[in-house]
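Starting from the known structure of chain U, arrange chain Y on it as the hints suggest.
Residue numbers (the working numbering), protein chains in the order written: chain U, 25 to 314; chain Y, 117 to 276.
Worth double-checking, as some hints may not be accurate.
As the list claims (entries may be wrong) - Computed footprint of chain U on chain Y; a stretch qualifies when at least three of its residues, placed anywhere within it, have a C-beta under 8 Å from a C-beta of chain U: (1) 155–162; (2) 175–183; (3) 246–252.
As the list claims (entries may be wrong) - Facing chain U, according to a computed beta carbon distance under 10 Å, are these residues of chain Y, among others: (4) Ser118; (5) Thr120; (6) Thr123; (7) Cys166; (8) Gly195; (9) Gly223.
Stated by the list, open to error - With beta-carbon atoms standing in for the labels, derived distance ranges: (10) Y:Asp147 to U:Ala276: 19 to 29 Å; (11) Y:Gln216 to U:Thr208: 15 to 25 Å; (12) Y:Thr123 to U:Gly313: 25 to 35 Å; (13) Y:Glu156 to U:Thr208: 24 to 34 Å; (14) U:Glu169 to Y:Ser118: 33 to 43 Å; (15) U:Asn312 to Y:Ala275: 35 to 45 Å; (16) Y:Asp237 to U:Val155: 35 to 45 Å; (17) Y:Asp132 to U:Glu42: 56 to 66 Å; (18) U:His103 to Y:Gly128: 26 to 36 Å; (19) Y:Glu156 to U:Gly86: 25 to 35 Å; (20) Y:Asp147 to U:Glu42: 47 to 57 Å; (21) Y:Glu156 to U:Asn312: 41 to 51 Å; (22) U:Arg301 to Y:Glu156: 35 to 45 Å.
These aren't lab readings, by the way, just hints derived from the structure by calculation.
Cβ atoms here follow ideal geometry from the backbone N, Cα and C, with glycine treated the same way.
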Amino acid sequence: MRYTSPTTVDEARSLLAEHPGSRVFAGATDLVPQMRSGRPAPPVLVDLKKIAQLMSVTHENGQWTIGAATPTANLTRNHDFTAMFPGLSEAMGLIGSDQIQNRSSLGGNLANASPAADSVPAMIANGVQAVIATADGTRTVPVAEIVTGPGRTSLADGEFIVEFTLADTPADTSDAYLRMIPRTEMDIAIVGSAVRLTVSDNIITDATVVLGAVAPTAVTVPDAGAALIGAAINAGQIDDSALNTLADAASAACDPIDDKRGTVAYRRRVAGVLTRRAAATAVERAQNGA
Amino acid sequence: MSRTHITCTVNGDPVDFLASDGTSLLDALRDELGLTGAKEGCGTGDCGACSVLIDGRLNCSCLVFAPEAEGTEIVTVEGIADDDRLHPLQQTFLEGAALQCGICTPGVLIAAKALLDANPDPTETEIRYALAGNLCRCTGYDKIVRSVQEAAVQLKGAAR
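Bound conformation, chain U alone (with noise of 0.2 Å):
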């Protein structure tokens, strides 16, 4: 195995189509427990933190650029992106130690393509784009259009992830995300939620619900969003009927495994009710301007 450092796209680009079966990485937080667990080494390792480009934050004209293998902890402690998007960042807050927070990447986390990835679900419901190197060029989709199924992705052989894009909340948008584990700290989803949501006049006017580690990939859950839109809110509360009808809907979306870290059933339950506390959270930092 061949250890190797681009510090451009381009020739990240030529060394993945010169080595078939490479594997790019950044923090390889992933890569290295697989390969410990028996994968088989690729012939060559593309490290893809020398690649500036793949290691920026910029925040220009309303809109959010973030390489795919800047290490999470860069966004976790960068104020002005944790304060527009506190979900976002709780999400990559939850991945692992500190440690890892320090290695660990959006993109890592995201190609890894494993049904729990916490950051995925919040991603997905700020809509953020993901800037691909292709063979010979760049295209640009929405993360939702990654994952395929566990370890698979919609990334050709020699693709790779350049960056994300996100842009700007308004004020009167928020977003959470909260995931259960069996411990406190340190464990893997068994049911993640993030919500994004619009409240204008003390009624939701838009929501976006993702769910994370109950099905192959994340999942949008379309009835879930529409049971928040045109739901009063109350004193900073959400209408009870509305939260009900949202976490039936949360529920039914669920396509879980069933495991040591929770069965069925219980990720189900749990799916409603994180997503009902995920709701109440973004709608008290809506309405706070968070």
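The following block gives chain Y in isolation, referenced to the frame of chain U:
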């Protein structure tokens, strides 16, 4: 497997060594440089026993490929004492009996140093979160947390 010549700074000293490309930084530190403070507990980034600072940032050295260390500044537990005077964290861990078998201790000390470098006056909750990536299977965590609190007090006193 190709071997790469790597030049970096470890505990303030310029060093160079040869390592196979797939070698972890942890193995390079231990086997090529003889710095056996950092330990391999899990080898998958879960336990933190291999924690080191790379350019001031806390990392699991088992997740870092040795060639990634080129040009970096690395601090291991061997580098935190001031000659023969222990770092306040090392001293308070000794006095507070914050270790039994000691396997996790080098990583805990490095993680605690990373915390206190960034936040000289952490709350107990902040200490527990900052050390959440360092597993200890002997003492439990209370003595570790109390020793970090005591070291923070001493470091603040020394800074005055």
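Against the structure, the hints:
| no. | hint | verdict |
| --- | --- | --- |
| 1 | 155–162 | holds (count 4) |
| 2 | 175–183 | holds (count 7) |
| 3 | 246–252 | holds (count 4) |
| 4 | Ser118 | holds (6 Å) |
| 5 | Thr120 | holds (7 Å) |
| 6 | Thr123 | violated (14 Å) |
| 7 | Cys166 | holds (9 Å) |
| 8 | Gly195 | violated (18 Å) |
| 9 | Gly223 | holds (9 Å) |
| 10 | Y:Asp147 to U:Ala276: 19 to 29 Å | violated (55 Å) |
| 11 | Y:Gln216 to U:Thr208: 15 to 25 Å | holds (23 Å) |
| 12 | Y:Thr123 to U:Gly313: 25 to 35 Å | violated (50 Å) |
| 13 | Y:Glu156 to U:Thr208: 24 to 34 Å | holds (26 Å) |
| 14 | U:Glu169 to Y:Ser118: 33 to 43 Å | holds (37 Å) |
| 15 | U:Asn312 to Y:Ala275: 35 to 45 Å | holds (37 Å) |
| 16 | Y:Asp237 to U:Val155: 35 to 45 Å | holds (41 Å) |
| 17 | Y:Asp132 to U:Glu42: 56 to 66 Å | violated (29 Å) |
| 18 | U:His103 to Y:Gly128: 26 to 36 Å | holds (32 Å) |
| 19 | Y:Glu156 to U:Gly86: 25 to 35 Å | violated (47 Å) |
| 20 | Y:Asp147 to U:Glu42: 47 to 57 Å | violated (31 Å) |
| 21 | Y:Glu156 to U:Asn312: 41 to 51 Å | holds (46 Å) |
| 22 | U:Arg301 to Y:Glu156: 35 to 45 Å | holds (39 Å) |
Hints 6, 8, 10, 12, 17, 19, 20 from the earlier list are contradicted by this structure; the remaining hints agree with it.
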